[in-house]
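S.K.: Chains as they are written, first to last, in my numbering: chain A, 1 to 734; chain B, 1001 to 1166.
It is worth saying that the hints were derived from the structure and are not from the lab. From the three backbone atoms N, C-alpha and C, an ideal C-beta is built for every residue, glycine too. Hints may contain errors.
Using C-beta positions, here's what the derived DEER-type ranges look like [to be verified]:
1. A:Ala211 with B:Ala1154: 53 to 61 Å
2. B:Gly1039 with A:Glu186: 21 to 29 Å
3. A:Pro50 with B:Thr1026: 21 to 29 Å
4. A:Pro68 with B:Ala1154: 54 to 62 Å
5. B:Val1014 with A:Asp459: 56 to 64 Å
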Amino acid sequence: MAASTRIEGIDKLAGRERYIDDLDIPGCWWGMTKRSPVPRGTIREIRFGPGVDWSEFVVVDHRDIPGPNQVRLIELDQPVLASEYVRHVHEPVVLIAHPSRAMCRRAIREIEIIVDPEPAALDFRVPPAPEQIQHGPDNVLSHLTITKGDAERALRDAPHIIEGVYETGAQEHVYLETQGMAAWEEDGTIVVKGSMQCPYYVLNALTHALARDEKHVRVVQAPTGGGFGGKEDFPSVIALHAALLALKAGRPVKIIYDRAEDMACTTKRHPALVRHRTGVDSDGRLLAQQIEMTIDGGAYVTLSPVVLSRGIIHAGGPYACDNVSIVGRAVFTNAVPFGAFRGFGAPQSQFAGERHMDRIARTLGIDPAELRRRNLIRDGQTTSTSQTINDGTDRVAVLDTAIRLADAEKNQQEDRAFNASHPYLRRGTGIACIYHGGGFTGSGEVHLASRLHVAALPDGRVEVRTATTEIGQGMLTIFTDIAADRLGLDRSRVTIADADTARVPNSGPTVASRTAMVVGKLVEDACDDLRRTLGLDPVARGGAVTDAIDNWYRTHPDREPVGRAQYRQPPGIHWDDETYRGDAYGTFAWAAYAARVEVDLRTFQTRVLGFQTVQEIGKVLNETLARGQIAGGVVQAIGWALLEECVWRDGAMANAQLTNYIIPTAADVPPIGVHFLENPYPHGARGAKGIGELPMDGPAPAIANAVADALGVEPDTIPLTPERLMELMTHARA
Amino acid sequence: MRAPETHSTEIHLVVNGESTRVSVDTDERLLDTLRLRLGLTGTKEGCGEGECGACTVLLDGLPVNACLVPAVQAAGRSVETIESIAPDRLGHMLESGATQCGACTPGVVISSHWVRENPHLLRTHSIRELMAGNLCRCTGYDGIVEGLAAAIDAENPDTHDNGERA
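If we strip away everything but chain A, and leave its shape as in the complex, we get (with noise of 0.2 Å):
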């Protein structure tokens, strides 16, 4: 089926979308936050300056939640706004609304936050010093173990034991459009709208914040420019904000950050540490897996022990190994809070895995791409969790696809001569298989147990009501052709309801890759629960639903039919929480990408010349818009390997900036081949798998790899900038 286009694109491209910060709200003041300027410490006093007419402002603290002052999401321990202590740079504290945004900007330079300072724990690596110790005994937010047969054992019997220390440093999100939410009451209810992936999220932190039932909020997404995750849950930060200034105004209020807040302020993906301790046999086959991975979880729980878990869970690499102990800390810091970002913690903990297989392949003096397919899951093993695996993809196929369609044998012959040969580049190839779970992890589908509805409109088209977001991933066009394919309609009879919670049931956060594989399942039941409400027979197509709902609204004007529908879980699924056993995922997608590099010796520079992806995902709904995510998803790794690097200075990021924060441009990366494989997942909409966060998983390793192919050193932390890849070269000459 041809690729349809996506729907609200024209709209997007002629520049008429309109979004959070181009909504023109009559009265509307702005909003502005005054944050902790130290990492850690008592809140003495808050001075206001004699420098504008405080008259003339609204002025929020944390007296002035109605609720408890907390920001409801995992865990409770984060507030709204600190009232006498902080812990971290940047905490709001004080908020502020005005007319006019640049009395704001002024005003907030007038406001001064002063705090006694106190040690704080800056480096996630090394154990906290005693007066660093904020959590716990150890400062240990979350601790999690996998295990399966006996590594110590194993690793006693082995005949190699191979060791490595991997480390891959924070990203920003660089959505481009910045955060963004404006809030308002309307007849009892506070109303909250803008940018933002779960709007039930949202809801969720405001009841509790504003001690108001869901009767009394409503949360409504605006056109969303970018989340991969950074608007999965700080949102709710915001929205809270904004809405304690609107109910003290009496006004709508909207709060816009400018870039340099929206990064230095907002969540980044969690740093992380991973340590490998592998047995193999003289053929490279793993015997034994110990990983330690050790992630910063900042100075709030935030999503930290979800990341944790799909960290660990997918650290020992799509490969087959009977003895693994893998043990996961997310480490309190005062540190800005990490949040989710695309891969959740499977792109840190894979890139340890597969940076580790080349390592095991070289001290083997094997065939990097020989000991994968050695290793690589047949179908009848099991994953570290035990989890079987029996979907019928043939995963050495697809790294040897991977593999001819980068030409990577050629390009090694022909690299070499060229590395002999030329005063100062060098080239090289690098490999890396990945795999990612679709979907919340373990028992997660289960307790959301989204629902989604598909009703009949009286003018005979139908309109899906989801929570699911657009956020550039292309969920209306997804839901479109699903519904309308389901129902034989055509799509200009499908409609997407805003994504408001006075009119869509919840359907879970849009996270977790599980859109289309998740939801879109759930739009296929609702139209078929829609044509069983119509009293037509399950197959049923076009004219016939058609007619159904114009004799439908002739006999019920006054009844709207609906056809609804809750996930189930598919059958054979077991997992447990207690052991971390079992079936981690519904199905995961499989993936082996190529990357070809260049380095100048002159400069350390590295390029990226070529880069080959191959991917198995069920099943592509939508060409186009499939290979945008893998693209996108291939160009955001590629910045996190080898450009984008934050920097620290006293808890605040130094370089919040784009001017020092680098990410690719299209004159940085090469065009992403990519092709995909299918097989079917019987679960999923038409047979779709997860696909948004696969593509972050494999490009730094793969990057890194090419690198270690082409200098023969050991990088081994990310991002491989300049500047880091001198001092590993200094090293290796040393």
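Based on the hints, put chain B in the right spot on chain A.
M.R.: Coordinates of chain B only, in the frame set by chain A:
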């Protein structure tokens, strides 16, 4: 201490072909004049420091970051924004998947429009070089480069696109 007062002044602009008089502050950015005074919200603010290109407009036919141009500097000049682009010129970029979240898109389309209006640029520069002033975090650029290349091919049947030249 109070910040120095800003002053208002009236300037004349030709915006999307229409002659316009508008009162602006002396320290006002062209971006704010377009968005807040003229209601042309198609031009987006991405970074406010001339790095991302989301606010790209054409000033006398040349692409500029509207966040870096003082409104008074545009006095007497012609400004073309995304609102001036006819939707029937957008088909190639729609087909290729040039837009995802859409926040960078108006700037991308304006820069693409400039390249399409000046195909001689492709004799000395690749499409990727010409589009390097527009950051996009969603597409990985292939959808943009392919859409623009297809549009250029359609508009210049006799020349050879060198869009993927390194």
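S.K.: Which of the numbered hints above does this structure break?
M.R.: Of the numbered hints given earlier, the structure breaks just one, which is hint 5.
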